[in-house]
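K.L.:
Sequence:
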Amino acid sequence: MEISTKRLVLREFWEGDLDAVHAFAADPTVCAFVEWGPNTIEETAAFLRQCGAEQLLEPRETITLAVTRDSTPIGSIALMRAESDVARGPEEAEIGYVLRADAWGYGYAAEAAAAMLELAWNVLGISRVVATCRPENTGSVRVLEKVGMRCVDYLPGHKRIDGVDRDSLLFAMRSPLRSPHA
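Start counting the sequence shown at 90; every next residue gets the next number (our numbering).
There could be a bad hint or two in this list.
[Said to hold, decoys possible] Ranges between beta-carbon positions, derived for each pair:
id, residue 1, residue 2, range
1, Leu146, Thr118, 28 to 34 Å
2, Arg239, Ala135, 33 to 39 Å
3, Lys95, Thr118, 22 to 28 Å
4, Trp103, Arg231, 29 to 35 Å
These are calculated hints, taken from the structure and not from any lab test.
Cβ coordinates follow ideal geometry from the N, Cα and C atoms, glycine included.
Work out the full structure: start from the sequences and follow the hints.
P.N.:
Rendered as structure tokens:
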């Protein structure tokens, strides 16, 4: 699968992406608001193996793509259809993303998220997409708002990060292709 935007290509991860992915997956700044990382090289390799296994499943419950500029991964974005604590049912999905720190502030995350939302609505028939982020992660809050998602809940102690239960904001958006009562 490959999705081209104005400045990015979202594509499947390749075996040769290990060094580029590990550069952001091992960065404590990048991992500050997520429940994984900083990764060891073995953990990053396992992530890439998991992405490769996901690519073979039909139907795919999770679509994890490399966010690339000039063919080099600068991040990762995923659309997860499997039920979670915030996404329920086959017509809902959760979106998540991460970019290397030197790619922050250029609108790349919003551009990639908008492309994944288009995939959700137009190809996968998903009716509602949700996302979570930590309240202090103002960059991610801006990304989610920029793509049209709205904060719908505050989840105290929702994610365990570095051994501490951290609060989350829950964002959601319904497909513009469906009625609000669908």
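K.L.:
All hints are to be evaluated individually against the structure, with a verdict given for each.
P.N.:
Verification of the hints:
1. Leu146 - Thr118: 28 to 34 Å: Holds, since Leu146 and Thr118 (Cβ atoms, about 32 Å apart) stay within the stated range.
2. Arg239 - Ala135: 33 to 39 Å: Given range 33 to 39 Å: holds, Cβ gap about 35 Å.
3. Lys95 - Thr118: 22 to 28 Å: The hint (22 to 28 Å, Cβ to Cβ) holds, given that Lys95 and Thr118 are roughly 26 Å apart.
4. Trp103 - Arg231: 29 to 35 Å: Hint holds: Cβ distance 30 Å, inside 29 to 35 Å.
Consistency note: the structure conflicts with none of the earlier hints.
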